[in-house]
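Below are the chains, spelled out letter by letter.
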Amino acid sequence: MLTLWGNRAYSMCDGTSRRDFLTLGALGLGGLTLTDLLRLKAQGAIPQQTRPKSVIMVYLPGGPSHVDTFDPKPNAPVEFRGELRTIDTKVPGIKVSELLPKLAELTDKFSIVRTVRFAGPHECNELVTGVSARDRVKRPAFGSVLSRLRGNSGALPPYISLGYWTVGGGGDGEPEYPAYLGSAHWPFRPGATTRVERGARGDGMDNLTLPPNVTAERMAERRPLRQALDSLRAEMDDPNGTLAGVDSFTAQALEMLSSPRAREAFDISREPARTREKYGAATNLLLARRLVESGVAVVTVPLPGGSWDHHQDIFPKIRRQAPILDQGLHGLFTDLYERGMDQDVTVVVWGEFGRQPRIGAEASDRQKNGRAHWPEVGFALLMGGGLKMGQVIGETDARGERARGRPLNPRNVLATLYHTLGIDPAMTFNDLSGRPTYLLDDREKIADLL
Amino acid sequence: MARRPNIRGRKSVVLVACVTAMSALAPLHLIAAAPDEMPAALTVFPEKITFVGADRMRQLVVTGRYAQVERDVTALVRFRSSVPGIVKVSDTGVVLPVKNGETELTLELAGKSLRIPVTVRGMEQEQPINFTNEIVPVFSKLGCNSGACHGKSGGQNGFALSLLGFVPEMDYQSIVKESHSRRIFPAAPPESLLLKKATGRIGHGGGKRLAVDTAEYKLLVRWIKSGMPWGKATDPHVVRISVTPEHRILTQKSRQQLAVVAHLSDGSEEDVTARAEFTNYSERLLTINDSGLITTLTKSGDGAVMVRYLGQVAVFRTAIPSGADLDGFPRHLPSNFVDQHVFAKLKQLGIPPSDLCNDHEFLRRVSIDITGTLPTPAEVEKFLADPSSRKREKLIDELLERPAYANYFALKWGDVLRNRLGENYNDPFTAHRTTNFHAWIRDSIKQNKPYDRFVREILTARGDIVGKDSQPTVAWYTFLTKPEQLVDDTAQIFLGTQVQCARCHHHPFENWSQEDYWGLAAFYSRLKWAKANGASGNIASGFPWSIRIDVTERGSVQSALPLRKSFSQPRTLDGTVIDVPPGQDPREKLADWLVKEPLFARAVVNRYWGHFLGRGIVDPVDDLRVTNPPSNPELLEALAQDFVQHQFDLKHLVRVICGSKTYQLSGAANALNKDDMQNYSHHLPRRLSAEVMVDALDQVNATTTTFNLGLIRKNIVGEAEYQKYDALRSKLRAIELPDEKLFTTPLFKVFEKPNRETASESERGVNPSLSQTLFLLNAKEIQEKISGDRSRAALLAADARPLPDRINEIYLWCYGRPPTERELRVVENYLERRTDSAANRRGFKDVFWALINTKEFQFNH
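Protein sequences appear in the order of chains A and B. Numbered by this note's numbering, the letters in the first sequence go through residues 1 to 450 in order. Numbered by this note's numbering, the letters in the second sequence go through residues 1 to 861 in order.
Be careful, since some hints might not be right.
Straight-line Cα separation of at most 25 Å, SDA-like style, residue types lysine to any residue; simulated pairs [stated by the list, open to error]:
{"no.": "1", "chain 1": "B", "residue 1": "Lys482", "chain 2": "A", "residue 2": "Glu362"}
{"no.": "2", "chain 1": "B", "residue 1": "Lys780", "chain 2": "A", "residue 2": "Leu225"}
{"no.": "3", "chain 1": "B", "residue 1": "Lys347", "chain 2": "A", "residue 2": "Pro239"}
FYI, nobody ran anything at the bench for these hints, they're computed from the structure.
All chains should be built: construct the whole structure from the sequences, respecting the hints.
Here is the structure:
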């Protein structure tokens, strides 16, 4: 029923790694009826144009320091500003950390929101669903909403997750989940992206290639046989529609197997070397780009290079990780612009909170030379989607501790993403008790971006 | 029904709220008892009322007993006072004192009446206010100290309150002293920042929370006016709260008033209905307003409402029957007490059970659930042919004697006991630790060691983890290296309850305090983690090297409470302080208490029930608490008592569960029970778990899986050790594997074999996913099993028997039953067309591929 703190006993800040098992799938009633589709088309939820809008959410697991990246405070005392210098950028007046020289050349191509305030430490749920895991109200991940609206019928699933968040929340254990939208709308996870397995292709992707002894013709014979024999009675299903969900997965999986598009979308070796090099170590950002190019509506992807939960030794760590961020995002942003995808794809980049500007403020040993959790304020970058670029939105105080004026929150960011996707966040889905429920209760968009 | 005018004073805001709620739902006459029905009798809570002082109220709950049911008639009765002017009574049954005196309140409905004596005194003097008892609840009710607002760590915009008011000292400091006392203004209380913000007179991020002229507002004004008293140390405090009624069967579209009473340390009672918070756990079934009035909707099922006041919680439970006619639906004769409780509950809810499952369904289901193994064709044929009327009981007994039972349940216990290698790549003894602990668990289950002894041996483990005199159970202490981690796992595994909230503050959904938590931790305070004899590595690094557990002879038996300057003595969750003399291992005392604690037996029977029925009586199975009530408390209690009476005999528990008709119900739902998820009216289908799936695939295809060695490196463990593990790679079944990754295979990951990072059963994934479907349809590993030269498909293709016999065998392997006529025809057609021998062989493989990719194979149903 209700689990307050989640059941992952020791989260990242206690030193253990995130889970590395592959899927947290589930299922339920897949797809939409024809009436649903027509109604949604009429509401504009399903865009009519040929290239549908999509979102790439890049997250920095663990919570990145804002003052060491996109909100430097060169005039603050040294115990706040830290050891990193500040550099000017393409847009006069916008300054960023010295570790981000490539992005500094691009500040006219994205916008920086400096005053996002988060619900609490490691509240990853809030970034994808708009509500905290500790909240009794449950909301679906925005990717699950897209999955439900766009349907699950293409060669690729509409919602793909390329990694795992720092911590899951609630009894559900995983921030990216469909809540009451039906378990067919879990994200598809094509492979593991754990520390151990990074670089290896995921299990799901291996299985997109037919084995040599199974020709397409043979597959075409097998399919109807399987269909004819899969006859467990519908009355055996449970109230969650688990068995019906398996049917929907099977239909989709067979579709993916018979179409080469799915495999090719996952295969970054098909990119020219020049393009791959642009992304540096962050090749999964390139994968994300290929996936949205192939029609996936939502891709969530962790920035590789390790956790940003820098409780200790923040500067050596950030010196290692920031260049991956700098090069990876530079590659992704310029690639999207060069391909003319910048109006159709919205990229958001953030972590689950900022970090405490006063270094080592929490006195215990492990906090030395580190910055503690700081949900009071953090940043979000937004790029593309027809939004206004080249801006800094919001201002923090002299030490970067709190917003000056009213802070924004993750719901404002999600409302803006829904806007770029052409979805009204005031649209409702019935929750499990049959009550119409808004996508977001707080639906205010970030006005300066529109 | 004539409406009486609203009374004025402290209840007015609440009354407005409830009228609004009702009008939004249905006209009053539609949701009240039918007027032509006469109650046989009336009862009322409370039976007498004494008011001391003006700030008091009493919520009446009047119940009418009708032919079959009890109904709340609080809003229907007429109230008459024998002496006018002493008290006022509202529409909703709230009694308020007006002036000193004595009177008798008469309640009347349809000719029945009742009398309540009422005494009012102390109206002339203002009662002194106690901050903790009266002011803190206001902040809780208004939501000021919630985790989303000022109650979160660090507060909100500089104003911090303790979460849900659990630390009143801190709240008092914040309000009265902090920020140069700017939050209160004693000279003109309404001008206090506290009240100006709360009433929205000046900007407040949380908006307007409090209306001027409400009882809460007046109380705060009076408190400030009287100089912000903290209260006297001798003032009584709340010991517990109770809700009336605690349990009631309600009809759809009806109402039920709740009354909440706080029981104080001086033995007195106080009505806190208006100040308590109500949390609705059954939004599908009912609504509840701030004054404790429930209105049911149009669904049937079980419901619960949590009530919280000053750190104490209570739960109101309800069942709302469907009201359907059950004629023509199955009625089963109970096999044992399990069925009596389950069928009674179903009858109460108006939900009929399904039919019983047939023999082949039962055989497959119980074989998977007890032994993690599919039945073989020989077993199927023997069981179907057995004419004995007791053959199902005999089968259960027989399965419990198989090695596979011990293996399968060792896997289950290994999960929650976290028997894992972890990330320890450099210790040659790591695999000894997990394999020894696994063998100990398996042997304990095989011997049917009484469960209380099993747990005691784990809890009190000491000595070396590896080496000559190693103690396998010390392995439990490998990843639990702090008293608080041990408390969390002890509670979650053995009491099925999650106490970790209370590590830092009073548990918000339980009656557990920090003292309770650290009281348990103190039992572990004499433990010392040292390096095992002959082990490498450095214990000080905090990494789980091979350890030994010592118990120090002396040393304090206590633990320090974070944020509070106090210590806790060893103390059990029921509050008993335990004296531990020097030289004794405090864990012995802990085990003495633990195995007698009622939660201990409840937790394990619930865990096993969840294993066999797919859903715990309390669900999730390791989250027993006041506010997560069991769906059938009588069943849970009866199972627990029976288990204790049978000396914690786990095999007996399995026999009771599997021998019940409840377990043997069909998975096919009927029209009235298809929405039921928690009352066991029909069997719920469950995906085969990762290990069972691997074994089932091997069994069906006549193959073996060669596992990868997940961690073992030759240069660390040495050549001889390496050979030992290497030789085992293709000799073990998946359910026999000792830990999370000594032996591994890709399917484990896709089907979510748990990594054993937590003691929670929910770490094991049970849901299907697209990745799993893709894996079974197309993974190399699956293709190899089906298509190998020695696969069952190849063997059967070469078999000389007539085709129908061979198809029959395929079905017995895959589904544990013969094919239907239609199925036989479909498969026959497919194979007969392929006359060429290579094509015929491919055809057999296609049939296996097809059946493996059906729901009937992939699910236990």
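Exercise for the section: Just pull the numbers of the violated hints for me, sorted ascending. Expected result: Hints that this structure does not satisfy do not exist here, as all of them hold.
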